[in-house]
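*Asks:* Chain by chain, the residues:
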Amino acid sequence: MRLLLVELNRFRSRRAIALMLLAAALVAAILATTTIYESRPLTDSDIAAAQAQADAEAQQPYVQRDLARCEKHPRRFMGPGATVEDCEPNIVPQVEWYLYRPTLSLAEERMDSGLAVLMIVSAVMIIVGTTFAGADWASGSISNQLIFEPRRLRVWLAKAGAVFLGTLVVSAVVLVAFWVALYVAAESRGIPTGAAVQSEIRWMVGRGVLMAGVAALGGFALTMLLRHTVGTLAVMFAYAVGGEALTAALPVAGAGRWSLANNVFAWLGDGHEYWDGTVTCSGGAFDCDQSVVLSLAGGVTYLGVVLLVVVVLSMFFFRRRDIA
Amino acid sequence: MSALVIETSGLRKEFHTRRGRHIVAVHDLDLAVPAGGVHGFLGPNGSGKTTTIRMLLGLARASKGEMRLFGEPVPRHLPQVMRRVGAVVEQPKFVPTFTGRKNLSLLAGSIGAPSSTVDAALARVGLTGRDKERYKGYSLGMKQRLAIAATLLKSPDLLILDEPTNGLDPAGIRDIRDMIRGLGESGVTVLLSSHILAEVQQVCHSVSIIGNGRLLASGDVDDLVGAGASTTRVRVADQPTAAAHLERAGYTVISNGDGALHVDGATGPEQITRLLAEHGLYVSELTPVRRDLESVFLQLTKDDTLATTATTATAGTATATDGGTA
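As given, the protein sequences belong to chains B and V, one line each in that order. If you're matching positions, the first sequence starts at 1 in the numbering used here and goes up one per residue. If you're matching positions, the second sequence starts at 1001 in the numbering used here and goes up one per residue.
Isolated chain V, as found in the complex:
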């Protein structure tokens, strides 16, 4: 068995809009999701996340490239591997006039799962007692829970979740995060597509970031964020003089308009305090700022947007839009 649960190679999705526009939603994407743990799948709206997920699940056809799930080529061997895959793509989709239980029972029936599986899945997401209500009367949070319950009917080895905490209240978000974390720790591989970067950073072990259908970065969250890399925010009365002294001492200093200096390269804040005090400058704020996933994400997607804009201007190739790929 392959150590990678999801692999794509040169995956591409092109289509034409009704107005004849040529859209490239996914550009030769090479994705690798290792077995076990929670893998974040990040990207701005319209970056091709959902299209990629839909291709992996056989809901959309790839224009080019190869995909493998559990080492098996898909969509050719999809029927064999889909028994091991649970997924929620975009918002939950059930028959509105059926009860939550009825919706799950029909899905369970299609894979031959016993009714006790439905009970267990409902209990797992906290919908026991509300399962006999019609789906159309459910709150958004309940709908999300039901969708997650549906994924659990298969006892999956791979769980693909697209914005699973959308619409949940804070307690619900915490429960679902705990559940995802628990599933990851129990050996299930979870691919978590989310816009909530803090959520991904809290829950995920590894992450892939895509923009405009291209892979921008991939790896362990700690590696991407840069373990230990930090800046120090320094507030001082005479900023120009302080910046000059710090730069002379070898630090990188950025003033980004928030009334403070951001100093890179200091191994400890005490070095900055000492240096400035030696020159008669006394700090009013000295805060270590850790680099987070959000800053990495924003930097990567900003760079990609700039690159794509330049490419578009020269090649005239349209890239995916939010509505086009979602």
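Same shape as in the complex, but just chain B:
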């Protein structure tokens, strides 16, 4: 417990980590602000501006020319069955054309900006976990720490605990704040959110917070294994991007099952449906459904095994290796 508190203190005191956590919060705030602003209700001035724009556009010579042509030969201009009455509303700009703005929908935002903020927060937490371990190796201070506490597994666990708890708390604060902002905006606009949607969002935030913590833990464990921040990030990038390319390009049946992205989405979205070109159907080509569903349990198993392998290797080598 004492070591864990020391490591939490170290985690809290690292300026680079504080800046990254601040950046994650800032990105979430920007995303929330953008989402709320771009779905704001229309005001009278918005309508007046749109009307002025529509009127100005309607006076354009090409509009009047097209309108005259249409009214002369509506079917030729608009297609079979068209009448003269169809010409004006389809050719002359209407005020609605300049008033398009989506209504805030928490259900839609869940898999849109909600997913985006979650992915960004998780990516930042990976870097946080990586840099937390990397700094100890780069400065050599890990050897000093081991002179004070030679039980290496304890040191590893205390550091891992600090990374996991620290990132868990920050991710929870950031994600909850993001959704509270959207919820308050929706409520203030009288948009019903629905208990089912709220429940889905709560589950998603819970899974997202856990993913951010686990991602940070994975980054930490891999850095303790490789002893280099940049090297770890390069390996992770290669695994994420190269792995995706490989699972997409290999003509192996069910390769999508091993895609990191599919498994992450399965975890976050309570299952994930993806297209698999290797699926063969007994029926005709037009009836063939080549989509495959990866369950939440499947995603959890994949991510859990990857994390377990990295953690076990990291602990094993940290316990045995010579420290310079």
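These aren't lab readings, by the way, just hints derived from the structure by calculation. Don't take every hint at face value.
[Said to hold, decoys possible] Here are the in silico distance ranges between beta carbons for each label pair:
| no. | chain 1 | residue 1 | chain 2 | residue 2 | range |
| --- | --- | --- | --- | --- | --- |
| 1 | V | K1132 | B | L210 | 36 to 44 Å |
| 2 | V | A1120 | B | V235 | 42 to 50 Å |
| 3 | V | D1119 | B | R12 | 20 to 28 Å |
| 4 | V | P1073 | B | V306 | 34 to 42 Å |
| 5 | B | A253 | V | G1137 | 58 to 66 Å |
| 6 | B | V279 | V | P1096 | 49 to 57 Å |
| 7 | B | Y100 | V | P1096 | 51 to 59 Å |
No residue lacks a Cβ here, since even glycine has one placed at the ideal position from N, Cα and C.
Position chain V against the provided structure of chain B, taking the given hints into account.
*Replies:* The following block gives chain V in isolation, referenced to the frame of chain B:
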């Protein structure tokens, strides 16, 4: 409790470089450091000093052999004995973006030491007032002081210091030497690894000299240097004649190219003066030269290098290099 604070028996460290070279950094080393006082740990670069220290502290695994600290086998009982051991291995290693105080506070926290211990350690090394500055802004001397302050957080019974005066200014070197001497006199056992032979001779009571990972000599400094053993440097116009007369009288005479004769075996310079004057030779310089640790060290390591070169030529065994073991 064992009278020896550090004991190694048949300690060996082997590893392979990335290019596949087999390196033996420490060869069956038997080291014995008695309790109390300051013990010097000498050896040329790459001789295995730091590797030995790292094995003792659990930072590196021994390939073979046994180690004991305070009579307890390590690394098995390291957690029990490390509370009594303070150490600086090679250069100081702290988090550069933290202040000196923050670095010490974290280390103190890991052993449950109160914050007053940090204050006391900072005061002891003269860093009070500079403790709130970032470590990366410290001079090399300040970094060394902070590293020594870290070792004092545990109130250690054994202090292992690897080149502790590296980078310090003359006043700093004197302060640290005084501190080491004081610690040794207060009952703390200090293992001082250093290249500065004069420093070791000034501060240490006993010494172990290693070369190519092997123990070359060990014992009290006075015994190694040879108490009273001395030569006399004699400068005279007709050196060949003077050397002949001295040798006939039973002295050992060496002319090592510095324009003077080095005479061994004389109980007093006046005997040499009288003898040469009787033969009409008058000395222009007569200086007693005491044998020092440096000459002992250089002689031992030179002999070892020659022996190792011969062994390497026949067995093809690679020995530790500077980069390989440091």
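*Asks:* Does the Cβ pair D1119/V, R12/B satisfy 20 to 28 Å?
*Replies:* The hint (20 to 28 Å, Cβ to Cβ) holds, given that D1119/V and R12/B are roughly 22 Å apart.
*Asks:* Taking the CB of V279/B and the CB of P1096/V, does the distance hold inside 49 to 57 Å?
*Replies:* holds (54 Å)
*Asks:* For the hint 51 to 59 Å, verify it against the beta carbon of Y100/B and that of P1096/V.
*Replies:* Holds, at about 54 Å.
*Asks:* Given a hinted range of 34 to 42 Å, is it respected by the beta-carbon distance of P1073/V and V306/B?
*Replies:* holds (39 Å)
*Asks:* Holds or violated: the 42 to 50 Å window for the beta-carbon distance between A1120/V and V235/B?
*Replies:* holds (44 Å)
*Asks:* Is the hinted range of 58 to 66 Å satisfied by the C-beta distance from A253/B to G1137/V?
*Replies:* holds (60 Å)
*Asks:* For the hint 36 to 44 Å, verify it against the beta carbon of K1132/V and that of L210/B.
*Replies:* This hint holds: roughly 38 Å between Cβ atoms.
The structure shown violates none of the earlier numbered hints.
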